[in-house]
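J.: Spelled out, the chains give:
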Amino acid sequence: MLQVLMLAVQIKRDSQGRLIRVWTVSAVSPVERSGAWGIGKVRDAWRHYFALSDTARQNEELIRENGQLKLEIMQLQSKSAEADRLASLLNFKQKQAKVPMVLARVIGSSADANSAVVYLDQGLHEGIRKNMGVITPEGVVGKVIESYGDTSQVLLLTDRDSGVSAMIADSRIHGQVGGMGEPLLDMKHVGADEEVKIGDRVVTSGMDRIFPKDLPVGTISQVKPGTAFKQLRVRPSANIERLEEVIVLLTTDPLTLKQEAPAAGNAAVTPPSSAQPISGLTNTKPAEKHP
Amino acid sequence: MNDTFDLRISESHIEVHKFHGGTILLCVIFALVLQAFLPVYIPKASVLDLPLLITIYFGLSRRNPSTGLLLGTFIGLLQDSLSKTPIGLFGIAKTVIGYLASSIGARLDTEHPLARFALTAAFFALHQGIVVLVQKLLLAQPQPWFTTRLLEACIVNAILGVFLYHFLDRLRKS
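In order, the protein sequence lines correspond to chains A and B.
Letter by letter, the first sequence follows residues 706 to 996 of our numbering.
Letter by letter, the second sequence follows residues 4 to 177 of our numbering.
Derived by calculation from the structure, the hints in this document are not laboratory data.
Hints may contain errors.
When the alpha-carbon atoms are kept at most 25 Å apart in a straight line, the in silico BS3-like pairs for lysine-lysine are as follows [claimed, not checked]:
| id | chain 1 | residue 1 | chain 2 | residue 2 |
| --- | --- | --- | --- | --- |
| 1 | B | K139 | A | K893 |
| 2 | A | K929 | A | K893 |
| 3 | B | K139 | A | K717 |
| 4 | A | K902 | A | K775 |
| 5 | A | K746 | B | K139 |
| 6 | A | K835 | A | K717 |
| 7 | A | K902 | A | K929 |
| 8 | A | K835 | A | K918 |
| 9 | A | K902 | A | K918 |
Bound conformation, chain B alone (with noise of 0.2 Å):
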């Protein structure tokens, strides 16, 4: 694994992530039940978004904005089925980021730690925007753009996101 952040311009440079069968299902209902369990035991964990690391770090490494759009309309989906906002909010966002994320990961080598910290830290607040924006326009409810509480979930994930990310790598067919 090439620790430097190598910014290649040619997209035939950029190794495309195979995963055994099944990977990314279990991956996926193992983070939806973790974020609905986790904070029943631990109230601080309720900052994490383990849905929306997953469908950055599948995103990225797969490399395939259709791919990527489906993942993340279907994490979105089952997240929203599993809170209490109408189904469809999560939905949205989470397909956003999944396509960024794919395209991203089909454009820049995003092996390294500072990267990957960098990428999930701008997916998150984006992601974030997106719910907002959202809520304000299509449900009429206002919520606030900016909180410290949000500034700390921001930098709590993508602190996870470089662990975690570096734990999925493992699932990697070599």
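So here's chain A without its partners, still in its complex pose (with noise of 0.2 Å):
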């Protein structure tokens, strides 16, 4: 009775119990961090004394660096496609803004196998905050959902409550990318006479005002035709179900991906905890302070 209580208080309120969560996420998280840090040595232990020990290393390298050249090519890609689009209407000399961004480390999932949740290494202390974007190198990942003193939650792109503004990268056709709780992310909101085949790419549009617009979403794997909508399947750019390491954008102002951006930075060797500008992206208002 008690809890049906709490439940019709938190749904009136809009509350989410925060009080509860933060003792339990405190008490559990410093497990979790032990763990993610025992495994991560056992497997670096195990990876360069044991196996191979060049070989990985040098595998690691390329991975991150594969990673930093993906995030390079897509923003030049980015900037290519929307100067052509608009170069006559903008201005290309915005002064560039630096946009804070940090990398985290997954430490934990969800306790509900219902939902698509996990939690990161980092919170408020650096920074982090509600609603803040969460990427990889390779696409948007989802959005912090709570931030704690020192761990904080992301509602990954999958999870069925989940949703991102995105669009066809080529013809530019607008829809809302949300998760139905399995691998393969849904695209509603495309006209049944639109234009739309397989291995078409989505990316962001920047409406949603959480994820710069340009940035890989996936790409088009299923096409149906519906009454009023296609239905459509997309396939997540990243590897959502994987993952280790993210990289949090540290600010809810809204992003767009500049014009005019140095090589494509660091960001995929960024260590944690040092907040570093994530090249190529400008903050539309001035950067925000967090305490």
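Fit chain to chain and form the complex, with the hints in mind.
T.: Given below as structure tokens:
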């Protein structure tokens, strides 16, 4: 009975029982953090000392470099396309602003099998706040739904309650990409008469004011006709099922891809707890100062 | 340990199992941490519901409806606070499961692996049913009653339950 009342109060007041969550997360996250640290150490020892020490290290370097190059290509493609479309309208001489970001490690997941949520090892102390975007060099991952002292909770794109404003990269057809509780995503609100084909790239539209425009979301993997809207399935660009490290964009201000950016930055190699600007992103408002 | 599925009418024949101090608490914490930790490294592990298995096991073993109810409430609320669901959703479901498991445990001998498999599968389905019902009725969040993933999860959890319970039996006071 008490729990029914608690549910009612939470729904009525739009509250999520933060105090209880803070206690539990504070109690559990050190164990998760230690576990993640321990597993990381054991795995590192295995990779670097017992199994092909040089190969494993080179592989890590290449994966990291590959991530940086993907990010750079994405930014260059976006710059080029946007320049073509809007060259006559936009002033590309915007003053470059730096967007702070932080690299975080995934230390845990939801205790509920029905929701796609992960915990990160960075929180309020690193400037992470609710509704901040979470990405990897491959693409969009999700958004922060709760932030605690040294931990934050991220709602993944594959969750049923998740959603991001997106568009088809080439045709610029807008829609809403959300999770279905399974590996593939669902793209809604794309008219039945629009032309969409399998393999089309889906990118963020920037309309949700969480993610900058033109970040990769995924590729169309299924197209079915519908009465008013097409039924589209999207395969996420980011490997959402096997996340280990992610980038949190430390601002909730609207972002847009900047026009004249230096080469893609060191997003993937930035050590945790050091907020670094992500190259190619500009903040349309002055950077927010997080205490 | 009796290896036959023994249905007994008289409650006086049912043995109430005791555990060493702190065993239940440690098992609960370990299950919750594993539940939140394993899927990061083994994505398929997200189908497991270790807190539910712990609720069922200790409910069936202790055979005291009050204890089962309180244990279910405690585990459910902890699980809620580690999820994005409103506090109370899993609390309600596991309270019911804890109560039912201990009530059934007080009437039936549930030591046989087949009985354990069947009970765990039934409790898993009931737990999911309660969660979906609460989500539909109280939270206005429509969720499917049945998916193939749910069926898979039901079977996987029931199989795991049989092995886990066998391991947990060793923690009983002799």
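J.: Which earlier hints can't be squared with this structure?
T.: Of the numbered hints given earlier, the structure breaks just one, which is hint 5.
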